[in-house]
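Undergrad: Spelled out from the first residue to the last, the chains are:
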Amino acid sequence: MIKIENLVKKFTTTEVETIALNNVSLEVADKEFVAIMGPSGCGKSTLLNIMGLLDNPTSGDYYLNEQEVGHLREKDRTKVRKGNIGFVFQSFNLIDELNVYENVELPLTYLGVPADERKRKVNEILKRMAISHRAKHYPQQLSGGQQQRVAIARAVVCEPKIILADEPTGNLDSKNGLEVMQLLTELNKEGTTIVMVTHSQRDAGFATRVINLFDGQVVSTAEGL
Amino acid sequence: MKQAINSLFRKGQANVVKIICLSIGLALGLLMIAEVIFERSYDNYIPRLDDTYRVTATYQMQEGDPKEFNQTSGAHAPGIKNVCPEVEAATRFTWLTGDDGTFLTEDNLTFKGNIIMTDSSFFDVFPRKIIFGEDPHKGLNEVYQAYISSKLLETLGTDIIGKTVKYKANEAIHCQIVGAFEAFPENTHLPQMDILLSLPTYKLLQGGNFDSANNWLGNDRYRSYVRLAPGVKPEALQARIDQMVEDHIGEDLRQAKVDYRLSLKPIRNLILTESDYNRVMNYVFLAFGIIMLAVSILNYILLVVSSMVNRAKSIATYRCYGASGKDIYKMILSESFLHVVCISLPIAILIMLGLQDFIQENIAHSLKSLFPASTIIICAVITLAVTMICGLMPGYLYTKIPVTYAYRRYSENKRHWKLGLLFAQFLLAAFFVNMLVVLGLQYSKMTNYNLGFDYQNTLAISLRGIPDNEAERAVQELKRDPRVAGVSWAYQSLENSASGDNVVNRETNEHYMNIADLFEVGEDFFEVMDIPVIEGKSFTPGLNDSIQTEIMVSRSFVERMREIAGWEGSGIGKEVFITSHDKASTTIVGVYEDLKLGSFVDGTDHRPSVMYYGSVGHSFIQRLYVRLHDFNEESVNQVQQIVNQTMTSEQVTVMPMRMLVGNNYEGFKHVRNAVLLAGLSIFIIAMIGLIAYLMDEVNRRRSEIAIRKIVGATVVDVQSIFQRDLSLIALPAMLIGLLLAWYVSQQVLQLFEVKIALTAWLFGGCTVVVLCMVLLVSGYLVWQASRANPTDNLRTE
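The listed protein sequences correspond, in order, to chains F and U.
For the first sequence, the residue numbers in the working numbering are 1 to 225.
For the second sequence, the residue numbers in the working numbering are 1 to 797.
It is worth saying that the hints were derived from the structure and are not from the lab.
One or more hints might be untrue.
[Unchecked claim] What the simulated footprint calls covered on chain U by chain F, stretch by stretch (three residues with Cβ under 8 Å from a Cβ of chain F suffice, anywhere in the stretch; the number is not a length):
hint: 1; segment: 699 to 710
hint: 2; segment: 714 to 728
hint: 3; segment: 777 to 790
[As the list claims (entries may be wrong)] Chain U is faced by these chain F residues, among others (derived, beta-carbon under 8 Å):
hint: 4; residue: Cys-42
hint: 5; residue: Asn-49
hint: 6; residue: Leu-54
hint: 7; residue: Leu-72
hint: 8; residue: Arg-73
hint: 9; residue: Glu-74
hint: 10; residue: Thr-78
hint: 11; residue: Arg-81
hint: 12; residue: Asn-93
hint: 13; residue: Ile-95
hint: 14; residue: Leu-106
hint: 15; residue: Pro-107
hint: 16; residue: Phe-214
This one's a predicted model, so the numbers in the text were calculated from it and none came from an experiment.
Cβ atoms here follow ideal geometry from the backbone N, Cα and C, with glycine treated the same way.
Please put together the full structure from these sequences, using the hints given.
TA: Structure (structure tokens):
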């Protein structure tokens with residue numbers, strides 16, 4: 001599903017050039033649950049952003065479903081991303097001005113899904129995430145765990161093939177963190193490919209494979225527990 | 001203050017933008033308010049202003065409405081003093097030559113000036129200091145004696161005292177300078193007075209037979225004034241003034257079927273009370289001045305509120321370390337004092353000085369005269385008020401920020417403030433742009449209106465001071481030039497209103513109506529000026545000897561005479577008698593289409609008109625009119641060259657008639673320019689406010705943009721969110737601005753006889769243009785923000 005070959009990402013300022021990813025090559029199969037681990041600054045999030053088509057690599061190739069997508073223009077990246085990739089962030093990144101229902105509905109709106117179908121899908125996913133009773137609430141009125149459940153609901157509402165999660169439990173207590181990981185595992189079992197960046201060994205334990213990054217390079221790959 | 005200076009160049013506070021906008025606002029706002037004060041201070045130099053009145057005549061013909069006239073016959077002012085002991089002083093003055101006549105000194109040096117003839121009581125009513133010379137009660141009583149203004153004295157030097165000066169165009173007009181008076185200030189309703197010649201001289205200049213200065217009926221060329229004893233009201237004198245008129249000219253007036261009345265009009269605010277146009281424009285300027293200041297204050301506050309996100313934390317830190325609300329107020333106030341008084345005000349003064357020529361051209365007086373000490377004090381008070389508002393309002397907002405909240409994330413709560421301020425700016429921008437277009441179109445309509453003669457392709461050449469032989473030679477040479485389509489001449493300046501005369505029934509001495517007497521015109525005049533002759537023929541010299549008894553009249557002349565005098569059929573061949581023309585009778589040989597003389601601001605001359613024939617050498621002829629085949633710079637220069645070669649006695653400048661007609665609307669053009677300046681400034685300030693708001697808003701919603709993009713929003717989707725929000729503010733604001741502009745335009749256009757149609761398309765179009773510009777500016781800013789990599793935006797959170 002995902003194939004990355006010799007990927008390089010450099011960040012250049014007027015003074016310094018930083019190599020965030022240095023000739024990274026990896027593959028993620030369909031329906032796989034991969035965790036990417038490594039110390040801070042090793043390039044985990046950068047890799048995830050490129051996988052999520054939020055950023056372009058400096059060089060190298062990125063194939064998504066056998067289509068080269070690493071060097072698309074922003075407009076085309078949005079097209080590929082829309083409906084195919086869902087995101088879950090450490091800081092949830094919900095829109096403060098929108099309530100829970102509206103936050104979850106957002107990707108469906110941009111996909112042009114009809115209103116009645118949107119309503120059905122949103123209600124369905126909110127129910128599944130056990131957050132229906134908070135549909136009219138705003139993000140700041142929810143706990144961290146609830147916010148992340150909303151974020152996951154938003155990520156999966158349009159049934160994407162891939163979910164990219166960037167330290168999804170990083171801002172949660174252990175109980176809520178566990179709930180989130182169980183949700184992701186459940187989604188993976190239902191056929192969603194998941195790539196997750198994490199610092200947590202416990203969270204990585206939910207993955208089927210762990211990729212370790214160090215200084216922008218893949219140093220090891222291990223099968224999960 | 002030290003903190004304020006340190007914060008001046010701190011990033012994120014938009015201080016430079018704040019100061020630029022404030023400087024523009026202060027410069028224009030103070031300028032407009034100073035102009036309003038200036039206009040309201042007219043004649044304040046007169047010590048007994050509230051006791052000083054102008055004698056005004058009201059007359060009503062047999063047919064028609066009563067008309068007010070600000071000139072009287074020569075005997076009226078002294079006559080009123082004679083019958084009313086409450087009148088402490090009475091004076092009158094009249095013009096001798098046109099403005100800016102050329103005079104010669106004994107040393108054959110030339111100078112320009114305006115000569116006015118007045119009586120010896122002039123300085124009793126309009127007291128001025130006599131700098132040189134004898135008592136004007138004596139000096140202005142002696143023939144050929146004159147006083148010059150201190151301004152002219154500066155030019156000529158004190159040696160001129162005791163010397164004789166002559167009017168170059170007519171050396172019979174000469175006078176000995178016996179003194180000098182302190183020049184009148186610029187805010188006087190009196191005409192320019194460079195030379196005051198004794199009134200008794202006028203009788204001699206007129207041949208000694210007719211004493212115009214003591215005439216009771218007709219020859220109403222005098223401005224007459226009286227000064228009443230303290231506490232006396234003009235109503236108390238009215239019966240005696242009426243009786244005086246009855247005693248002297250009652251019988252004549254009855255015979256002529258003319259109702260004629262003299263009354264006293266206060267001098268105070270005369271220029272405002274006498275002219276609806278001046279009065280309305282004074283209010284318009286006052287409103288513009290206040291709006292300019294208000295917009296710049298609003299913008300200042302908007303920018304302060306916009307930078308609150310950046311500043312809230314530092315203010316919170318001050319408060320954590322013991323700063324009270326009062327200290328925060330002091331800090332913000334000292335910043336606004338630095339911004340307004342120390343920086344913006346000097347820049348505003350520099351802007352005024354930099355635009356001095358443009359300003360002076362538009363206000364038609366000097367910039368210096370606009371700012372006497374009293375006005376400077378008012379401006380200082382306004383500036384301090386601006387400082388207080390710019391300091392206190394943001395100060396209030398800063399003191400209300402909860403310290404803990406400021407540390408967490410202060411960005412949400414003040415959005416309604418910004419939107420409110422932006423709303424006001426959009427409203428004003430729409431108002432001014434609409435007003436600007438309305439006034440621009442109205443100006444264009446008035447300066448291009450069909451006046452009944454061709455002024456687009458014709459040139460006017462003054463014959464003042466030009467000997468007959470030079471004028472005749474010029475006509476011959478001009479006629480020979482292939483660029484010239486025709487040459488003629490006339491007494492009347494067609495861009496101005498005409499003198500009045502009456503149509504009289506010779507048998508009964510009944511005065512039928514007052515007409516515009518255009519006096520003499522030359523051959524081919526109707527062809528050159530493209531005035532259609534609708535009946536009969538135009539003047540054709542040489543065909544017969546009767547041309548001196550021929551008259552041409554306008555269409556409405558014949559129509560009115562059918563109504564009043566019972567004329568039937570064609571006007572051709574009818575005999576008419578016109579006052580001021582001592583001919584036995586004149587016969588109508590042609591009827592021409594009605595002309596519109598004068599300005600649409602003062603009201604065009606609607607009276608029927610008449611013309612006589614006169615050769616180019618006739619003493620009444622004032623102007624040559626030259627029509628060009630193609631009106632272009634080269635042709636005008638060629639005509640100027642011919643004039644320079646043939647008319648050597650005076651330096652004459654060829655004037656395009658379209659320019660002379662346009663001069664009638666100089667005042668209106670100045671208002672249009674003021675609106676242009678104010679409108680553009682407000683529009684720019686509003687755009688700066690919009691940019692500040694959007695930058696802050698984009699900053700505030702950066703993560704939202706990123707999240708929306710991540711979940712699938714395109715650039716267009718992001719645009720639509722911002723544009724929709726902005727349109728919700730801009731549309732109602734602009735709609736109100738549009739309605740306000742429509743209302744004000746209606747009021748302003750009522751002042752004009754000819755007006756543009758205020759259509760929905762006009763206002764709608766202007767408003768759509770403003771809205772599009774707002775959306776374009778915001779579109780660009782949002783486009784930039786929405787193109788940014790969403791991960792970068794999330795990273796900055």
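Undergrad: Under a C-beta cut-off of less than 8 Å, do 3 or more residues of the segment 699 to 710 of chain U approach chain F closely enough to confirm the stated coverage?
TA: holds (count 7)
Undergrad: Close enough to count: is the Cβ of Leu-106/F nearer than 8 Å to one in chain U?
TA: This hint holds: Leu-106/F lies near chain U, its Cβ roughly 5 Å from the closest one there, short of 8 Å.
Undergrad: Given Leu-72/F as an interface hint, is its Cβ closer than 8 Å to any Cβ of chain U?
TA: This hint is violated: Leu-72/F lies away from chain U, its Cβ roughly 13 Å from the closest one there, beyond 8 Å.
Undergrad: Between the segment 777 to 790 of chain U and chain F, are there enough contacts, at least three residues with CB-CB distance under 8 Å, for the coverage claim to hold?
TA: holds (count 3)
Undergrad: Does the nearest C-beta of chain U fall within a distance shorter than 8 Å of the C-beta of Glu-74/F?
TA: Holds - the Cβ of Glu-74/F comes within 8 Å of chain U, reaching about 7 Å at its closest.
Undergrad: Against chain U, run the beta carbon of Arg-73/F and see if the smallest gap drops under 8 Å.
TA: With Cβ-Cβ at 11 Å, over 8 Å, it is violated.
Undergrad: Please count how many residues of the segment 714 to 728 of chain U have a CB within 8 Å of a CB from chain F and say whether that reaches 3.
TA: Answer holds; 3 residues pass the 8 Å Cβ test.
Undergrad: Regarding the hint that Thr-78/F lies at the interface with chain U, is the smallest CB-CB distance below 8 Å?
TA: holds (6 Å)
Undergrad: Less than 8 Å between beta-carbons is the criterion; does Cys-42/F satisfy it with respect to chain U?
TA: Since chain U brings no Cβ nearer than about 16 Å to Cys-42/F, farther than 8 Å, the hint is violated.
Undergrad: Does Asn-93/F pass the interface check with chain U, least Cβ-Cβ distance below 8 Å?
TA: holds (5 Å)
Undergrad: Checking hints one by one. Is Asn-49/F an interface residue toward chain U, by the C-beta closer than 8 Å rule?
TA: holds (5 Å)
Undergrad: Using the nearest Cβ pair, does Leu-54/F come within less than 8 Å of chain U?
TA: holds (5 Å)
Hints 4, 7, 8, 16, counting from the list given before, are not met by this structure.
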